[in-house]
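Top to bottom, those sequences are chains C and P. The opening residue of the first sequence carries number 1 in our numbering; numbering runs sequentially from there. The opening residue of the second sequence carries number 1001 in our numbering; numbering runs sequentially from there.
If you're looking for bench data, these hints aren't it; they were derived computationally from the structure. No residue lacks a Cβ here, since even glycine has one placed at the ideal position from N, Cα and C. Any given hint could turn out to be false.
If you anchor each label on the Cβ, the simulated ranges turn out as follows [stated by the list, open to error]: (1) C/Pro282 - P/Arg1220: 15 to 25 angstroms; (2) C/Pro172 - P/Ser1304: 23 to 33 angstroms; (3) C/Leu261 - P/Ile1308: 24 to 34 angstroms.
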Amino acid sequence: MKLKKNLRPAAVLAGIFLFLFVAARGMDPKDLLITTLRGFSTGSVTFLVAAGFSLIFGLLDVLNLAHGTLYMIGAYVGWTVYVRPDTFVDIMPLILFLMAGFSLRFLWDALSDRLNWSPTTIKIVGWVLVIIAIALALFIVPRYPIAGWALDDYAQSPTSYSFMVEQGTRLPAIHLDFEEISAPVAVIGLLLVSSMVSFGLALIRKQANQQHDLSPKKWITFIILVVLSLFFLLLNTTLTNFLFSLNSNWLFLIAVIIAALSGVGLGALMETTLIQPLYSRPIYQLMLTLGMSTIGVQLVRVIWGMPEFVLSKPTLFRGTGGACPASNLADLFEYNCTTIMVLGGRVRVYDEIFLPIVGIVVLVGVWLVLKKSRIGMVIRAGVQDSSMVETLGINVRRVFTLVFALGAGLAALGGVLGAPSNGLSTGMGEKLLLNALIALAVGGLTSYPGAALGSLLVGLIQQFMIKYGQIGIPIPFTDILFKPTPAIVPASTMLLMVIVLLILPNGLLGKQE
Amino acid sequence: MENKATNFFTRNKGILIFMLVMLTVPFITGLIEGSTFEQVWTNKGSISKFLESLGIEIFILAIFALSYDLLFGVTGLLSYGHSMFFAVAAYLTGIALKTLMLPFWQVLLLIAFTSVIQALLFSVVLPRVKGVTFTMVTLGLASVFHIIVMSSDMINLTGADVGLQGMPTPAFIDPASQRLRFFVIALVLLVVTFIAYKRFVASPTGRVCVAIRENESRARMLGYNTTAFKVTVLLISSFTASVAGVLHALYQPIISPTIADLGYTFTALLIVLIGGIGTLSGSIVGAFVMKLSDYFLRRYLGDSAILINGIIYVIFVLFVPYGIVGTLRVRRLRTKEGWKQILSWVLPKKAE
């Protein structure tokens, strides 16, 4: 009974693997191994994006087209922390102070409830406050000292900074002082800006007669944020020097963590401010996320510039001296080789071994969270029927925010981890989003194992196509060597998707109707 | 007979007035800049010629957006491969005129034929897939086409990422020397498309399409073969988009591959959204707003124009969900009441 039901997906899957098997027969074991590993590598980066996308689509019914942009922003944030930690340290207080005012939302709600003005007055006052705050922000933010790069000066452009780091040159740490604006004015101004915007928004969307809880517990976030930002502000020089003196491995780890956290933060922000008002209008969410992705790409273009650059690998993965390329594990760990010899072929350690391992770790980790934890149970139930879960007395909205933030964080993590092998460009998000969409369509849009399987298939097929572009496919019964050009690589996965969808409209592991 | 004719004019009052206004625009600007009627007629006035070029681009965009509105706004089929219809027509026109050197009427026949083929290609998947999957499949098909256009194997035919250039335009609608004629042709095509679409949506077939958008299973339960209706809409939409594509190919000196990618579909989506989904006239309004705002922002802000456009777009989604025309329609009753009230302050009250 069960077999009959799953006959079609099984047949399609068998067909694909037969195809891959036939494809693999024409290769040396050396090429085969490297191509497969590369497929796993591409697949795992795709999976990091696709997993979040699929969770978000399953639970929230939002096709988040800005997911590729989040991936891209993760990569760029990681680059900033890794290459220019001073910029990161300079910009932190700014962001934290801006967040601090918003964390007092409960206070503003309570305050706006005490006001006994007419609704029109309240709305007008709200808008005026928001506009004044934006004007104030436009005054303060450009005058706030942030060490950075110059897009129009080649010597100080991100491209040459990346090149310097790649060469092992230490970048000079830049310390800027408050010149155009004094530090206390900037701090108080920023707090004022965020408070005014938050208060204004509370006034605009005022709801009467709510219960307000002003217990000290609610102040904790605010206090933590202020203390953290003061910490960054006062210890600016020390922190910068510390980060610059760090080993590049540690710096890379910090960059990865910060990038993932920035993804989480951005995701939470997007969900609470932009997507939540649109839950009743699904098609608009699609268009909104589309607009967000355009804005994101343009912002990246304005801040980091158009030219492509790379994030250099940490020293753990780029040793060259001694017995490199390593032929055994002992050499690998002693000299931190870039490549290792397996079956006579060079395998890059970061791209082809480290990335798949990370992919598998994330796969297992998220799966464990989904299967074993309480929140995972709520998420799985929500994917089935979110209104039912809400009826059972669980705050689904909070779970929505959490899942969106988690998905965005995974995408950003994928971005920063993929950056050393794929490079950074403003088109990277779109390209990867397309890959992830194909992977999900092949695997099944809301299925978590489907995301993994689809990503793996997409990665493998792409890499096999690239490899065959170099060595050529012997067409049976003829002597012609067919060489797929690089352009056919994306086309092949697209065709895979179309074929799979025609046979199985819900994907390989999606629920069949 | 006469009654029918007047009916036609009263029903399409708005679009006909729009056409007349648009027809006078080159001449009025000619008057303002000081060139004579003769000069405008023979394409010698500079500002009016520039306005004509802007107008042509807007009309082409509007035709394209109209075809998308029929598909997405009226029937509710969200396709991400719509730019393929447009781009295939544009590229085929270019290749047929440049490489194959076919006479123009044969090119048009060829385009009409391919538009049908493409619509059928999209409709092959229709009975099987629904909703998001349809979106994905169309995205896949269109992306394959975009990749083929961009690939270096086709560089002789399509010019790969540079675009197709050096295409001989038929002399009688050459956009350089006969721009006024091109302007009028584009305008008339837009108006004809609009009137035909309006008629279609009002027809029984069109009503069923709206029903499919609202609730497909209910429409099917009432005994309509919904797939047939969807295929019809796809055919009409594909043909219209192809018309826009031909105009684009004739008008632009370079056919760039950007018209084949997802971004161009999103342009249509954006126009439809700004104007108002499913309103038809919203597509024309949206095309005007989009093109003009894009032009002026680009002129005064340079590269950050796309950023501003994106922000405007998000604001539209959040705060003006029905688009310009949709919002006006929703508010029309209230506006009428408001005018009545204002007039009642001025006008003497009638004795009761």
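Contradicted hints - numbers only: none
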